[in-house]
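Asks: Here are the chains, one letter per residue:
Number of protein chains: 2
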Amino acid sequence: MIYVLRLGHRPGRDKRITTHVALVARAFCCDGIFIEGRDESILKSVEKVKKRFGKKGFLVDFTNSPRSLLNELRHRGFTLVHLTMYGISIDNIIEKLKGKNILVIVGSEKVERYYYEVVDYNVSVTNQPHSEVAALAIFLDRLFSGRELYSKFEDAEFLVIPSERGKKVVRIGKEKEGKGTN
Amino acid sequence: MIYVLRLGHRPGRDKRITTHVALVARAFCCDGIFIEGRDESILKSVEKVKKRFGKKGFLVDFTNSPRSLLNELRHRGFTLVHLTMYGISIDNIIEKLKGKNILVIVGSEKVERYYYEVVDYNVSVTNQPHSEVAALAIFLDRLFSGRELYSKFEDAEFLVIPSERGKKVVRIGKEKEGKGTN
Chain A
60 MIYVLRLGHR PGRDKRITTH VALVARAFCC DGIFIEGRDE SILKSVEKVK KRFGKKGFLV
120 DFTNSPRSLL NELRHRGFTL VHLTMYGISI DNIIEKLKGK NILVIVGSEK VERYYYEVVD
180 YNVSVTNQPH SEVAALAIFL DRLFSGRELY SKFEDAEFLV IPSERGKKVV RIGKEKEGKG
240 TN
Chain B
60 MIYVLRLGHR PGRDKRITTH VALVARAFCC DGIFIEGRDE SILKSVEKVK KRFGKKGFLV
120 DFTNSPRSLL NELRHRGFTL VHLTMYGISI DNIIEKLKGK NILVIVGSEK VERYYYEVVD
180 YNVSVTNQPH SEVAALAIFL DRLFSGRELY SKFEDAEFLV IPSERGKKVV RIGKEKEGKG
240 TN
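For the protein sequence lines, the chains are A and B, in the order given.
If you want the numbering used here, it's the position in the first sequence, counting the first as 1, plus 59.
If you want the numbering used here, it's the position in the second sequence, counting the first as 1, plus 59.
So here's chain A without its partners, still in its complex pose:
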């Protein structure tokens, strides 16, 4: 099982970035996300996507004590991986991580020293500053060897058919041609 922990979410300021982190976690086949803090708007956005595109089992949960969560998951055998531009290169560690239960930790602007010390691995996706959304996507893409791009979720209401132009969306037993606009 793969879970994501999003540290230091600030409602308002981080709303959209955390929503993107959650949607990447879902689309790239994680089992759920824990968010430090509470923000119903994220839950609402993800629920809407789950309803239309499936994966209803994907967990979105909030926590005020991420340290307890870390301890609990560690005791349940999870490997703790913190994504940070200061860590060791993803390519040096990814093979060791395949097939394990993992908690992937992503921060917002500041991550306390505690997390650097308590995790099993601090892992970098480039040593440049960029985005926790991008870092998570690359990490999961390497972890699942690219297969996650083809995941189909059984309980989806809509299925997108890859198309050269415009939008092609299939609804259970019914085909609908999009107009190229939302």
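Hints are not guaranteed to be accurate.
Each pair may be met inside one copy or between any two copies, as identical chains are not told apart.
27 angstroms max Cα-Cα, derived DSS-like pairs, lysine-lysine [as the list claims (entries may be wrong)]:
1. 74 to 155
2. 227 to 169
3. 227 to 155
4. 169 to 107
5. 169 to 110
6. 211 to 103
7. 115 to 157
Since the hints were derived computationally from the structure, they do not count as laboratory data.
Keep in mind it's a predicted model, so treat the numbers as computed, not measured.
Once you've looked at the hints, dock chain B against the given chain A.
Replies: Here is chain B on its own, set in the frame of chain A:
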């Protein structure tokens, strides 16, 4: 050369997502980004990163006529690639794109039908809704075959040394151990 075009930027609402798109473009070795609209706060954030971590030649520019920009780059021989969850799978097209001059187009919530029709390729990074930040990162990672993760920018003031714990940052001729907090 690889440029990114970010369509439909709404100052305020999109500020942080567009900043992440721009920082991914820089860190993953693009030559610059064009943003539809105008938002000085993005310029400021990217300039700060360029000053500290290098790649001063990375262009951040604003445009009110993305269609003219598309036409101009097309006439200059660029291949136009639009990232969208409705497009053909990235794995089916990426080999054809290697070594070309490319304009990578990413939208915000709504992208006009025009763009689906005018580009050379509509390309999907999963057919699930997630994030333009993640889609851009995966696209560039596949395009550059993962080598972009190791880019060093000559004009950097600081260099991050991959480290198992905490933060290790080198300044020209001077080594500084971080404390594991920002």
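Asks: A separate judgement is required for each hint: does it hold in the structure or not?
Replies: Results of checking the hints against the structure:
With identical chains, the CA atoms of residue 74 and residue 155 are never at most 27 angstroms apart, being 33 angstroms at best within one copy and 37 angstroms at best between copies. For the identical chains of this complex, residue 227 and residue 169 are inter-copy neighbours only, at 16 angstroms across copies versus 41 angstroms inside a copy, given an alpha-carbon limit of 27 angstroms. For the identical chains of this complex, residue 227 and residue 155 are inter-copy neighbours only, at 24 angstroms across copies versus 39 angstroms inside a copy, given an alpha-carbon limit of 27 angstroms. Taking the shortest alpha-carbon separations for residue 169 and residue 107, only the inter-copy value of 17 angstroms comes in at or below 27 angstroms, while the best intra-copy value is 30 angstroms.
Within a single copy, residue 169 and residue 110 get their C-alpha atoms only as close as 33 angstroms, which misses the 27 angstroms cut-off; across copies the closest is 20 angstroms, which meets it. Taking identical chains as interchangeable, the C-alpha atoms of residue 211 and residue 103 lie at most 27 angstroms apart only when both belong to the same chain, with a minimum of 22 angstroms there against 41 angstroms between chains. For a Cα distance limit of 27 angstroms, the shortest separation of residue 115 from residue 157 inside one copy, 24 angstroms, qualifies, whereas the shortest one across copies, 37 angstroms, does not.
Checked against the numbered hints listed earlier, the structure breaks hint 1 alone; every other hint is satisfied.
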